[in-house]
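Protein chains: 2
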Amino acid sequence: MDADQFRQAAQSAIEEIIEHFNTLPSRRVLPNIEPGYLRPLLPQSPPKSPESWDQIQQDIESKIKPGLTHWQSPHFMAFFPALTTYPSILAEIYSAAFSAPAFNWLCSPACTELEIVVLDWVAQAIGLPECFHSTGPTRGGGVIQGSASEAVVTVMVAARERMLRDLATAEGLKEDTPEWEDRVMVLRGKLVAIGSDQAHSCTAKGARIVGTRYRTVPTALEDNFDMTGESVRKVLEECEAAGLIPYYITTTMGTTSTCATDRFAEIKAVLASRPSWQKIWVHIDAAYAGAALITPEYQPIAREWSTGIDSFNFNMHKWLLVNFDASCLFVRNRTDLTSAMDITPAYLRNPYSDRPDTVDFRNWQIPLGRRFRALKIWFVMRAYGLSGMKAFIYKGLHHGDVFVELFGGRKDLFTVVTPPAFGLTVFRISDEAAAAAGSASGALTRQVYEKINADGDIFITSSVVGGIYVMRVLSGSWLSEEKYVRNAFEIILKTTEEVLSGKPNGAEGPKN
Amino acid sequence: MDADQFRQAAQSAIEEIIEHFNTLPSRRVLPNIEPGYLRPLLPQSPPKSPESWDQIQQDIESKIKPGLTHWQSPHFMAFFPALTTYPSILAEIYSAAFSAPAFNWLCSPACTELEIVVLDWVAQAIGLPECFHSTGPTRGGGVIQGSASEAVVTVMVAARERMLRDLATAEGLKEDTPEWEDRVMVLRGKLVAIGSDQAHSCTAKGARIVGTRYRTVPTALEDNFDMTGESVRKVLEECEAAGLIPYYITTTMGTTSTCATDRFAEIKAVLASRPSWQKIWVHIDAAYAGAALITPEYQPIAREWSTGIDSFNFNMHKWLLVNFDASCLFVRNRTDLTSAMDITPAYLRNPYSDRPDTVDFRNWQIPLGRRFRALKIWFVMRAYGLSGMKAFIYKGLHHGDVFVELFGGRKDLFTVVTPPAFGLTVFRISDEAAAAAGSASGALTRQVYEKINADGDIFITSSVVGGIYVMRVLSGSWLSEEKYVRNAFEIILKTTEEVLSGKPNGAEGPKN
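Just so you know, the sequences run in chain order A and B.
Quick note on the working numbering: the first sequence kicks off at 1 and runs consecutively.
Quick note on the working numbering: the second sequence kicks off at 1001 and runs consecutively.
Certain hints may be false.
Computed cross-link-like contacts, DSS-like style, restricted to lysine-lysine with a CA-CA straight-line distance of at most 27 Å [unchecked claim]:
1) A:K395 x B:K1411
2) B:K1048 x A:K390
3) B:K1048 x A:K190
4) B:K1483 x A:K174
5) A:K65 x A:K483
6) A:K48 x B:K1411
7) A:K48 x B:K1395
8) B:K1483 x B:K1411
9) A:K190 x B:K1190
Label pairs and their in silico Cβ distance ranges [stated by the list, open to error]:
10) A:S306 x B:A1440: 46 to 56 Å
11) A:T177 x B:T1169: 26 to 36 Å
12) A:S306 x B:S1339: 54 to 64 Å
Just so you have them, the derived chain B footprint on chain A, three or more residues with Cβ under 8 Å [unchecked claim]:
13) 15–26
14) 91–102
15) 259–269
16) 404–416
17) 436–444
Note that these hints are calculated values from the structure, not bench results.
C-beta atoms are modelled at their ideal positions from N, C-alpha and C, and glycine is treated no differently.
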């Protein structure tokens, strides 16, 4: 493909993408295909000779789009949003063109330096305390990770190594000796990571990856499923009584199932109450809800984090207008990361690699190479401005209010299970309606959920919290509007009535 | 930014990118800036109000490009290539537009299914044995990871968990019991991963991340720095004598420093010779050189892998025309991955999640979310065809031959240190020339290397192998041509003469 062919192909692709977004509201949000749909549509082997762009592009519409789940659709109410926007797409074009696995500063200085600057912009924009700015007093700073899961594994490794170094050093051992290695292997087997039973599954998976134990802190409906200080204390005491060494805790701002926020002040007070607990790495997972910190109303939450918090993470690629992947991880002390992650062979050394004023981000992450992801944060922050980003978050919060009002108007049918938060509404079929239909709320809620997604006009998520089967809806997509919220409620209402009455009720398709 | 603004912005971006590639040969490959260059050029805080695309785009040329290291430049001879191509850029545009963290099949079936199909295409194209095809007899298959490092960590976790499960089960323990957990923690402390001293540093880093010990197998110049069967046997015996349990080995096709290829047949024979060694996970890291398997000349190497190999990885984003990130990992048995990585909470369950005919790739990797990376492999394979991909690899191999011929013509000045392989030439200043200049080869080689990169007209890498300081050159970039190889040799030659004579010699800039 030469430059002229590329120009033509790119123009055609851009037109197709514009048309895609323009027509998205009238498309089904969920694909209407069964597993294995694609293989019969494609050749069994790669082509021997080059194909033209026309041939390739045709297959996007005919073979790929029928299998897409449209996360940008205004009918997408599942999980959390995962946005893309025009400025973010533009940045990906440049990122692909400037492609470089920029593992060292020297391997593409602009990639490293723009990341440092824009993450300081982000830290300012969401009101993070100074300790998380690259210019702050604690050698902190931000780094873009691929996902919150990757960020969690990264800080768990840093936490584990910091704790082991502390313990082995306190025993008088010397690093890089056989005695150190043997002792560290024994101590590692006693380490335990902690998270609430509402923490995202990436913490349990992270504990498995880094090879430590994991214990969950129970939460309760009466606490809104927040993790409380006392519940943390109880688990820490149980761990210590069993001879285990807690080294890491995930606290959450906006849990996956219900958007609960853990009680940071209480938990910090508990951790401060014993010297051994003061060494525990405290991570804040705000993957979705962290975006709300861009509004002044939420920023007081972040002020609490100026002490006692080792790391904070949120995904701009969820609610803050940047496309996947842009998971922003901030640490209080970068040396915690680099001490754990830095392995520098001869071929990665260069005259800049040991200078104190250069950052080699490969030592802040699991992979070696890295894409130029700072560009998309930079483009989005500039194209929207703080005003545009705030306005977008307010819109999502408003949609949550609309949902709450709508569900509140039908208390006969629906029970809102937890306090609505960050635009998320968690509900179930009311006990009253279930009893009238001669069934249990859980079974009916599940039936309604499965029917809605099988119909595929809107896409929602179910979960089980505190033993309660719930549905959750959230309207934060790029193209979302209040009319789609109301339309979604109508679909939920009709499907519920249909399930309760036991007969089909002709649920409507999406309104445009 | 509305659709019209996006259309205009994208057209302008595309023109800029075409112009960028057209003018790349006349640009310095290395930027001419010092650490910290960017911050003073940017505002200290994000903009309050939206900025126009013109304002944003201007800064690409004036602020970003001066800080880029041009991996696509034909003057880039460092590390390994990391290509981008026009079809690959087109795919990134669609990937950004269809953005979705497609962690489950249901979360975007096309994303999962295209990945399965194109990785089968890739497996066919590079002649991988059937056991690595998704349709093969061993429940194998491929998955796209972000980088070879990520792939290595992933298979190390799978290897560790498989070994621990085997050992604990053999002791009669039951999974999910406190006894199992305690015993596994003790056993884990005895596990040791193995790689040669030429294996990429990601294996040592991986061992640290997954929390096991690591031992290196020494290599020697007389074996071309290949890892041999006997050297593996010796390390395995030492480990077992020390009470350790080897569970994982990285073998390499094309090591980073010299492109050595480990002796797979010998190593397999050693591993087969003891029951405890038969359980060791064998990974092949072919991050760069694996691309050469697309030519029939190299495919016999892969035939050896039909037995005794658990996983294979190569990066299409190095030499095979796909932009970073597209690291293709193939496993012999997918259950090894999913048994280690699958943690499925309620909110990730759906009617498809337990069906045997669906694949949830989140259980094949560390992160939860994943980008639609299969598109770029698909586009590139179709736009180039197998014929175009082969032709490109032959070109890189030819450039290696040209380098070898040029260095061979100046044996008075240069010694080629290891057999040239996969287009890579590893050389140093000859002992004869060093003696004549009254210095040692290592010191002079380093001086020449540092001067070449400081001049910045070509970019090369140095390394230390077997205690020998070497330079390495490789011309495999998208825009590479033989004339740039000859130009690079002239620069190396002139700089060497200058360093040897102790006076500046006026090395030329790049020729276009």
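Taking the hints in turn, this is what the structure says about them:
1. A:K395 x B:K1411: Between A:K395 and B:K1411 the Cα gap is close to 71 Å, so the pair fails against 27 Å, i.e. violated.
2. B:K1048 x A:K390: holds (10 Å)
3. B:K1048 x A:K190: This hinted pair is violated, its Cα atoms lying about 49 Å apart.
4. B:K1483 x A:K174: Given that 27 Å is the threshold and the Cα spacing comes to 54 Å, the pair is violated.
5. A:K65 x A:K483: Measuring from Cα to Cα gives roughly 25 Å; hence the hint holds.
6. A:K48 x B:K1411: violated (42 Å)
7. A:K48 x B:K1395: Holds, at about 18 Å.
8. B:K1483 x B:K1411: Holds: B:K1483 and B:K1411 sit about 21 Å apart, inside 27 Å.
9. A:K190 x B:K1190: holds (14 Å)
10. A:S306 x B:A1440: 46 to 56 Å: Distance hint for A:S306, B:A1440 holds at roughly 54 Å.
11. A:T177 x B:T1169: 26 to 36 Å: holds (34 Å)
12. A:S306 x B:S1339: 54 to 64 Å: violated (42 Å)
13. 15–26: Our answer is that it holds, as 6 residues pass the Cβ test (under 8 Å) against chain B, meeting three.
14. 91–102: Since three or more residues must qualify, the claim that chain B covers the stretch 91–102 of chain A holds, with 11 doing so at under 8 Å.
15. 259–269: Our answer is that it is violated, as 0 residues pass the Cβ test (under 8 Å) against chain B, missing three.
16. 404–416: violated (count 0)
17. 436–444: violated (count 0)
In summary, the structure is inconsistent with hints 1, 3, 4, 6, 12, 15, 16, 17 from the numbered list given earlier, while agreeing with the others.
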